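From first to last, the protein sequence lines stand for chains V and C. Residues in the first sequence are numbered consecutively from 2, following my numbering. Residues in the second sequence are numbered consecutively from 7, following my numbering.
Derived from the structure by calculation, the hints contain no laboratory data. These numbers come from a predicted model, not from an experiment. Errors might be hidden in some of the hints.
Which stretches of chain V does chain C cover? Using the computed rule of at least three CB atoms under 8 Å from a CB of chain C, they are [to be verified]:
1) 16-24
2) 27-34
3) 126-132
A few chain V residues that don't get close to chain C, going by computed Cβ distances all over 10 Å [unchecked claim]:
4) 8
5) 37
6) 50
7) 76
8) 98
9) 111
10) 112
11) 113
12) 116
13) 119
14) 173
15) 181
16) 182
17) 187
Glycine included, C-beta positions come from ideal geometry on N, C-alpha and C.
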Amino acid sequence: MASYNTSEFRKGLKVLIDNEPYLMIDMEFMKPGKGQAVYRTKLKNLLRGNVIDRNYRSGDSIDAAEIEEHSAQYLYNDSKNWFFMNPESFEQFSISKEILGDLVKFLKDGTTVEVMLWNGRAISIEPPKSVDLQVTYTEPAARGNTATNVQKSATVETGAEVFVPAFINIGDVVKVDTRTGEYIERAAKS
Amino acid sequence: MSGPPSREPIDFRPAAPLEHLRRRAEILHAARAFLRGRGVLEVETPVLCAAGAVDEHLEPVPAELRPDGPRGPSRRLYLVTSPEHSMKRLVAAGSGPIFQVTRAFRDGERGRLHNPEFTILEWYRPGIDHHALMDEVEALLRVLLGGAPALLGDGPFDRLTYRRAFLDALGFDPHRVAAGDLSRIAGLEGVPPPPGMDVTDRDAWLNLLLAARVEGTLGLERPAFIHDYPASQAALARLRLGDPSVAERFELYVRGVELANGYHELLDPREQERRFVEANARRRASGKAELPIDRRLLAALEHGVPACAGVAVGLDRVVMLAVGASSIDEVIAFPLEQA
């Protein structure tokens, strides 16, 4: 198994500790006085998100985690698993609802995301900053009310509920922030 | 041929802003003026030496020379990890007080505060002890960091013993604590030990706690000298007469950054040789190459070096503090990766 020596330590390294993948998010070389060098690291567990501190001495090494990152296109879901395709290899794989979290509400056929796979298993997903979604239902705007500060609820094609300005109508396409679930702007009609 | 090959743009520019390099020049100039003004002679000693420090945790950079030309025998020399040995030989020869600004080299040391090639300001004063030398270091730092009064705080720099620093930060006496308790303390403090730490190696555990929990507390309101190190961390300092558990060594910290290391210098050639031999034994035990013992330094001590104190100041770090840099790369024109 590949491993990283302390001299290769740097932010962004993906390593294996107690058989779980971690991302090195911080590393500091310390050498107090005449003592031995200590590499202080902060490592983020890529499965659970918690951060741990670990110290190493010159010459120590950590196993490398077999992490692969590539883009993937969303295809469909069976309500337990969401299926994606690697657009380069055309290989299909699934990601569980737990890992996708709130993102499931904004995925539509063809949406491209960045996935991180550990030993072939998807462990995290980076969505595009925003997605364009068509409004399938919303109450019509009160006549003459075009103010943008008045918000109303709208259902979009993926089934998610989004607060939109009063002037948005059924059939409009809106740009939605995937992190906050908030309306950004009206997109050009698809 | 189908046109020129595409070229990656090669970045030739310095890592440090030119403004920082100007400040660096001013600091170098001020340091020299300060010491010359106090009657200290500027000297230059070799960067390539046949022997230098023998220390478990200092890796010199070796250099192979063929002084008699390409067909002659090769000779292994080392880039100095500090100019200490050569300067002590000058003091032994009767130079009086001397200073030097030189490059020093330590392999394997790279980080926010470290570049393997760095600049040391080092000086020796016969006839004074480490406390009198701390006075002079303080006076120098007041000049060099005069533009950053917030770092200096008010009143004289703090002086606290190594024991006090551990008591204040962690609540235990580093001279009395049992080696076995140190791993437990590290656990309570949330300091994960590196894999394979020897539970009986007191200095390794003290060093780990110093790095992780003590250094960051030192020199926050005003600069702080830490002195009276454990005898096991004496390096080239003499042990206290009447209390050989303590070495007359000091370090200066400003905002958690170690700036200087000084000694009331060890003068006993047999004690010095014993320390070199022990350091080589520890190097061998940890799988490192042994280093040649500096017979010329021992001969100088045998001849007699006048009682003196000496200190090395990390000039790159002084510049860092003066300009408010967070990394040494901001004050070196071309750090390792761009050299």
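Each hint tested on the structure:
Given as covered by chain C, the region 16-24 of chain V fails the check, having 0 residues with a CB less than 8 Å from a CB of that chain where 3 are the minimum. Residue count for the region 27-34 of chain V with a Cβ under 8 Å from a Cβ of chain C: 6. That meets the three needed, and the coverage hint holds. Counting residues of the region 126-132 of chain V whose C-beta sits closer than 8 Å to any C-beta of chain C gives 0, which falls short of three, so the coverage hint is violated. With 10 Å as the threshold on Cβ separation, the claim that residue 8 of chain V sits away from chain C is violated: the shortest Cβ distance comes to roughly 7 Å.
Residue placement check: residue 37 of chain V does not keep its beta carbon more than 10 Å from all beta carbons of chain C (closest about 5 Å). Non-interface call for residue 50 of chain V relative to chain C: holds, since the shortest CB-CB distance, roughly 19 Å, exceeds 10 Å. Residue 76 of chain V, annotated as away from the interface, keeps every beta carbon of chain C farther than 10 Å; the closest lies near 38 Å. At roughly 34 Å, the least C-beta separation between residue 98 of chain V and chain C is larger than 10 Å, which holds for a residue marked as non-interface.
The beta carbon of residue 111 of chain V sits about 34 Å from the closest Cβ of chain C, which is more than 10 Å, so the claim that it is off the interface holds. The claim that residue 112 of chain V is not at the interface with chain C holds, since no C-beta of that chain comes within 10 Å of its own (minimum 34 Å). Consistency note on residue 113 of chain V: stated as away from chain C, and its beta-carbon is indeed over 10 Å from all of that chain's, at 28 Å minimum. Listed as a non-interface residue, residue 116 of chain V keeps its Cβ farther than 10 Å from every Cβ of chain C; the least gap is roughly 30 Å.
Distance check on residue 119 of chain V: its Cβ is at least 22 Å (rounded) from any Cβ of chain C, clearing the 10 Å threshold; non-interface status holds. The non-interface label for residue 173 of chain V is consistent with chain C: the shortest C-beta to C-beta separation is roughly 45 Å, beyond 10 Å. Against the 10 Å criterion, residue 181 of chain V stays outside the reach of chain C, whose nearest CB is about 32 Å from its own CB. The claim that residue 182 of chain V lies off the interface holds: its Cβ sits roughly 36 Å from the closest Cβ of chain C, which is beyond the 10 Å cut-off.
With a least CB separation of 41 Å from chain C, residue 187 of chain V remains clear of the 10 Å interface cut-off, as annotated.
Consistency with the previously given hints fails for numbers 1, 3, 4 and 5, ordered from lowest to highest.
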